[in-house]
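Just so you know, the sequences run in chain order A and B.
According to numbering that gives the first Met the number 0, the first sequence is numbered sequentially starting from 0.
According to numbering that gives the first Met the number 0, the second sequence is numbered sequentially starting from 0.
No lab work stands behind these hints, which were simulated from the structure alone.
A hint or two may mislead.
Per label pair, the in silico range of CB-to-CB distance [said to hold, decoys possible]:
1) A/V103 / B/L284: 49 to 55 Å
2) A/S211 / B/I10: 40 to 46 Å
3) A/I220 / B/E103: 53 to 59 Å
4) B/R46 / A/W206: 58 to 64 Å
5) B/S215 / A/M203: 53 to 59 Å
6) B/S215 / A/I221: 34 to 40 Å
7) B/S202 / A/T96: 43 to 49 Å
8) A/W161 / B/S182: 56 to 62 Å
9) A/I123 / B/I10: 34 to 40 Å
10) B/N273 / A/I220: 30 to 36 Å
11) B/I10 / A/T96: 29 to 35 Å
12) B/T27 / A/I217: 40 to 46 Å
13) B/G159 / A/S211: 54 to 60 Å
Just some of the chain A residues that point at chain B, by a computed CB distance under 8 Å [said to hold, decoys possible]:
14) Y15
15) A17
16) L20
17) N21
18) G25
19) L53
20) I57
21) V61
22) S63
23) S64
24) R68
25) S145
26) I148
27) V152
28) G155
29) W158
Every value quoted in this text rests on a predicted model; they were computed, and no experiment measured them.
Where a beta carbon is used, it is the ideal one built from N, C-alpha and C, also for glycine.
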Amino acid sequence: MGKVENETPRKGTGSYFASFLNRIGGVFLAPDATFNQIIADKIGFWEPLVLVLLLVVIEAAVLSSLAYRMFSTFMTAISPLSGGFISPGFLSVALLTMTFVTIVVTLIFWVIIVGIAHLTAKYIFNGDGSFVQLMKLYGYSFVPYSLVILSTVLLGISWVTWPVSAFLNIVMTFWIVLLMAVAVKHGYKIDIGKAFISSFIGPMVVWLIMVSIFWVWILVIITSFTGGFI
Amino acid sequence: MAMARIILGEIFLAILVTGLIYAAVSPTLQPTIFPRLRIPWFAEGKRVVDRYSLIKGTNVSESVNFVKLNVTVNFGGISLIFSNRSDMLFDASFERAANTSQLEVSHSVSSGAMQANFYGEAGGLNLTLGKNCQFSGDLDLRLGGVLIDLGQHSNISELGVVIRYIGGALVNIGNDASFERLSFIMSVGGLQVNIDADRLSRSGVIQPNIDIGAFSIGVKVDTKQVGASLDATVDTGGLSVNQPDFTGEVSTTHCSVKTKGYFDAARNLAIKANVGLGGVTLNGLQSIPGLGF
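Make the full structure from the sequences, and use the hints.
Set out below in structure tokens:
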């Protein structure tokens, strides 16, 4: 079975849209073969970029609609106290700002995790690949994020669906981690173990270092306020 | 296999479209419902006004010349003004929501002195006092504001204002105002005292004690007739004096200033303020039309 999945399929002859759907479905069903084909077909950067933006914007829109529903009714409920100070217009602007910030943060995050994986795979494991190529593959690796959209919609319809939503989120997390490892494996032609270290362990170590620095910094600030008692 | 991929791709697109449609329509089609808060003293809807007045020779003895006011309003406001009516002791109107308790008023007279008690749960109490009586007493408020307008018809011996939780007070002192002592005790809030007077009927003292908040004084007086002084202390915060008529010592937390010729003035007005956390400012005052000075 592994042999079949590692085969690079021939370039499709259908329309662009059909091949796009083929790639998306392939990421779910046969990521090895699909990533190989993406590299072979020299797919441009725009497709994964639009894909990531679509996923992030739609998830942000669903979350914003939920937040709008809750906050607007909450504000109506407390309007005798607030005197209508926080208007629905204000909420809309706040949610649009949050959506914009989410998009920017996602793009920055995308660049950072690709950067870490690229440095690890290329300079530690001597892989052969490029940063832009990995950016593209990571964009496709983001496809299971659609499960998060589904889970948020389910939660929005009814809070009773929270176990299903939680399950979908867990599945999505593991799936994306797996896809990122496969992307590094094919992008840099290294084995899956090294690819997993590059794509997951590397960013995790960097993340832990950053969090540690942050908390040490916080501790230093608190200590300076308390005169060295802590 | 290819067909399965395309079907999965279509499912992926379907999820995106579903998310988009859901985001667009859910605020309209599936509103979240919270129970609406109903707070009696802020309640919208029907408002009612309770009225209570005592007129000399009509429902109270003409011999009453001194009234001690004991006013308590839990939430809302108290306004105190003087009228030029010589037969009136006081007129009280209390605006409140229809579903809140009405103003409770009681009074007793002994040897020409009256004790009048007012208790309101939530609402705005407007007290209009007559000019031919001397008044003293306390205004007690938990949350809200107090307005005191002292003009030519005012006649107060001692009046204490207590704002227990949070609130503010505005005191306007105009020509020929007559009071001996006004004291303010406030937990959190601000006090503004505007003195726009070329004459005062007698010398007086204002004593604010504010735990957290600001005390602002605006002064415009004829210094030959009215000598004003300010002794203020701020524990934590700032203090500023920007009135050219005042001279004396000013630091960042304490000041002791007087108008020029303070001791030679016909009447004196002394302000002795203590602020815990906050500020004190002394400024000039532009005449404010319509304040009834």
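Checked hints:
Between A/V103 and B/L284 the CB atoms are about 51 Å apart, so this pair conforms to the stated range of 49 to 55 Å. For the hinted restraint 40 to 46 Å between A/S211 and B/I10, the CB-CB distance of approximately 41 Å keeps it satisfied. At about 55 Å, the CB distance of A/I220 to B/E103 agrees with the hint of 53 to 59 Å. Take B/R46 and A/W206: their Cβ atoms lie about 59 Å apart, and the range 58 to 64 Å holds.
Separation of B/S215 from A/M203 is about 57 Å and conforms to the stated range, judged on CB atoms against 53 to 59 Å. About 37 Å separates the C-beta atoms of B/S215 and A/I221, a value consistent with the hinted range of 34 to 40 Å. Hint check: B/S202 to A/T96, Cβ distance near 59 Å, so the stated range 43 to 49 Å is violated. One distance hint, 56 to 62 Å for the beta-carbon pair A/W161 and B/S182, holds here, with the actual separation near 59 Å.
The beta-carbon spacing between A/I123 and B/I10, approximately 38 Å, falls within the hinted interval of 34 to 40 Å. Separation of B/N273 from A/I220 is about 34 Å and conforms to the stated range, judged on CB atoms against 30 to 36 Å. In this structure, B/I10 and A/T96 meet the distance hint of 29 to 35 Å, their C-beta atoms being roughly 32 Å apart. Between B/T27 and A/I217 the beta carbons are some 43 Å apart, a value that agrees with the proposed interval 40 to 46 Å.
Between B/G159 and A/S211 the Cβ separation comes to about 58 Å, which falls inside the hinted range of 54 to 60 Å. The beta carbon of A/Y15 comes no nearer than 12 Å to any beta carbon in chain B, farther than 8 Å, and the hint placing it at the interface is violated. For A/A17, the suggested interface contact is upheld, since its CB lies about 6 Å from the closest CB of chain B, less than 8 Å. Given hint, A/L20 at the interface with chain B, holds; its Cβ is 3 Å from that chain's nearest Cβ, closer than 8 Å.
Annotation: A/N21 was flagged as interfacial toward chain B, and the flag holds, the nearest CB pair being 5 Å apart, inside 8 Å. Checking A/G25 against chain B by beta carbon gives a least distance of about 5 Å; that is within 8 Å, so the hint holds. At about 6 Å, the closest approach between the beta carbon of A/L53 and any beta carbon in chain B falls short of 8 Å, and the interface hint on this residue holds. Against a cut-off of 8 Å between C-beta atoms, the interface hint on A/I57 holds, since the closest Cβ of chain B lies about 4 Å away.
With its C-beta approaching chain B no nearer than about 5 Å, A/V61 sits inside the 8 Å limit, and its interface hint holds. A least Cβ separation of about 7 Å between A/S63 and chain B falls short of the 8 Å threshold, and the interface hint therefore holds. Evaluation of the A/S64 hint against chain B yields a held restraint, the C-beta minimum of about 4 Å falling below 8 Å. Look at A/R68: its Cβ gets to within about 4 Å of chain B, closer than 8 Å, so that hint holds up.
Checking A/S145 against chain B: minimum C-beta separation of about 5 Å stays under 8 Å; hint holds. Given the 8 Å rule on beta carbons, the hint for A/I148 holds: about 4 Å separates it from the nearest Cβ of chain B. The criterion of a C-beta within 8 Å of any C-beta in chain B is met by A/V152, whose closest approach is roughly 5 Å, and the hint holds. At a threshold of 8 Å, the smallest CB-CB gap from A/G155 to chain B is about 6 Å, leaving the interface hint in force.
Annotation: interface hint on A/W158 violated; nearest CB of chain B at approximately 10 Å, more than 8 Å.
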